[in-house]
Amino acid sequence: LLSLIGSYLIPSCFTVGSGEHLNMPTQASCPICDWLASDPVCFSIGPGEHLRLCPQDYTCCSSQMEETLAHQSETDFLSAIDDTSQFLHTTFTQRHRKFDEFFRELIDLSEKSMNQMFTKTYGRLFTQNANVFQELFVELRRYYSGGSVSLTEVLSEFWSRLVERVFSLVNPQYQFSDEYLECVNKHAEQLQPFGDLPRKLGLQVSRAFIAARALVQGLATGRDIVNKAAKLSAGAGCVRALMRQWYCPLCRGMPSLRPCHTLCLNVMKGCLANTADLDTEWNNFIDALYQVSEKLEGPFNMELAADSISVKVSEAIMHMQENSIATSTKVFQGCGSPRLTPGRSRRSPKESGGNRRPFRTFSPEEKPTTATGTNLDRLVSELKERLRPMRGFWVSLPHTICNDKNMAADVTNEDRCWNGQTRGRYLPDVTGDGLMSQINNPEVEVDMARPDVRTRQLIMELRVATNRLKHAQAGQDTDFMDSKSPPPPPTQHKYYDWFGCPTLFLEIYCPVGFQSNPNFAYLIKLVKVLLSS
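Numbering (the working numbering), first residue to last: 788 to 1320.
It is worth saying that the hints were derived from the structure and are not from the lab.
For clarity, every value in this text was computed on a predicted model and none was experimentally measured.
Incorrect hints may appear among the rest.
[What the hints assert, rightly or not] Pairs of lysine to aspartate or glutamate residues, derived as EDC-like cross-links and limited to a Cα-Cα distance of at most 20 Å, are as follows: (1) 1192 / 898; (2) 885 / 1202; (3) 1192 / 1202; (4) 987 / 861.
[Said to hold, decoys possible] Label pairs and their in silico Cβ distance ranges: (5) 884 / 1117: 25 to 35 Å; (6) 1162 / 1186: 33 to 43 Å; (7) 1162 / 1117: 41 to 51 Å; (8) 874 / 1240: 21 to 31 Å; (9) 1165 / 900: 16 to 26 Å; (10) 1081 / 874: 21 to 31 Å.
Idealized CB from N, CA, C, for every residue including glycine.
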């Protein structure tokens, strides 16, 4: 709308004269009536004593026009926030989808590779026991999808079932009851029939799956945080300031005049005071995402882990086969002699199923790719490039908006801009960032005694998400909450903590930087007075 007024209405309606129109607009300098031609509230030029928001000088605007423009300024502001944050939302949404599709496809390819490899190597022996391997991948998918699954228990259960099957297969001349196989399992931990391969595979798979799940859920959390943070509600003080900077020039007959850059900054910093307080935790969250992505292209590589499942399981089976006599002897000593299979007194011939073939690993050029022709290294590289510019997004949002030529005058145009009253330089200093810095904001009245609960909840969500990502960097399995789940409600207490901030779940409700603010003592008194009244 601002751009429309500046480029469409001005050439036909606005005539630059000697400068007298700065104090009293002329009909030619009042395109507001053309803009609202279909609106019966169009007001002829006259004194502005009726105005509540704009300077009460000669004006083109009626009270109804002023109200209409105030609503429009709020709409423009919210649209600017939405447009500016769109790249965040798009990045998180697209990266989440790409990584999720890729990781799921890796799991599918891993299972397919195992089925093909084991069918060729073990033949009917594998197909008869395929449910053991199918169940492993069912549980791995359930874990990755966010289910309440312990990877340690999943892998332990898999090896327990596998040792029972393989022990029976390498001793076909015996019949084993369920109780006997339980005894075999009890001895397996000490005998280590698969060697050190279960530990190695467990470490590799656990780290990779924990990091992969953490990254995908972290991207979903980022998307949801952006959605919530961008859905602002401009307060009355903010709307008044927006109206004064964007549309009061129009009412004064100066539609081409943009607000001074520093005026715009003060207005935006006041309107976005709570949002700026997300900055510290937001940066920590982005850093944690970046570090987890680096782990995935390094020691926690999901591609290598998925590729290694079939190889290491096959190596484990071969290890047990090669040591079957020694293992069986020790088991028989501990569990007793099993019964011979009726009609069998010696080992049966080995099951035919093709000769074992040596397993190969992929060279970097041969890494498995998804249907889109990408691999993990490329995905991670693209993600890291997109994460870097996200740092400091919320605290720099006022600058991003005010740097738009449709929103404010260029920073070099300090003398030919709207300063809130007329054309000229804007003199007040630019305030700092965040809620506590707005106490001296000359443009926006900000209620610092009541920090925005929604922003404090977002801060808490970011802290929780960052903590999960940091655990994943260490290969630690933590229960990730669903990204859509709201944080637990705060617990209220009727006392003050040691530095005077009311402890209504301190980390959520107390303003960021509360203690370090130079107006700290004054604010403590203010909060106490308000709460005691």
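Now the hints, each set against the structure:
1. With a CA separation close to 55 Å, the supplied pair residue 1192 and residue 898 exceeds the 20 Å bound.
2. Pair hint residue 885 plus residue 1202 does not hold up; C-alpha atoms about 49 Å apart against a cutoff of 20 Å.
3. With a C-alpha separation of about 16 Å, the suggested pairing of residue 1192 with residue 1202 holds against the 20 Å cut-off.
4. Using a Cα cut-off of 20 Å, the hinted pair residue 987 and residue 861 is violated, with the two alpha carbons roughly 59 Å apart.
5. For residue 884 paired with residue 1117, a C-beta distance near 51 Å fails the hint of 25 to 35 Å.
6. For the pair residue 1162 and residue 1186, the beta carbons lie near 37 Å from each other, so the given range of 33 to 43 Å is met.
7. For residue 1162 and residue 1117, the Cβ-Cβ distance of about 44 Å falls inside the hinted range of 41 to 51 Å, so the restraint holds.
8. The hint said 21 to 31 Å for the Cβ distance between residue 874 and residue 1240, and at roughly 27 Å that hint holds.
9. For residue 1165 and residue 900, the hinted distance range of 16 to 26 Å is satisfied, since their beta carbons lie about 21 Å from each other.
10. At about 22 Å, the CB distance of residue 1081 to residue 874 agrees with the hint of 21 to 31 Å.
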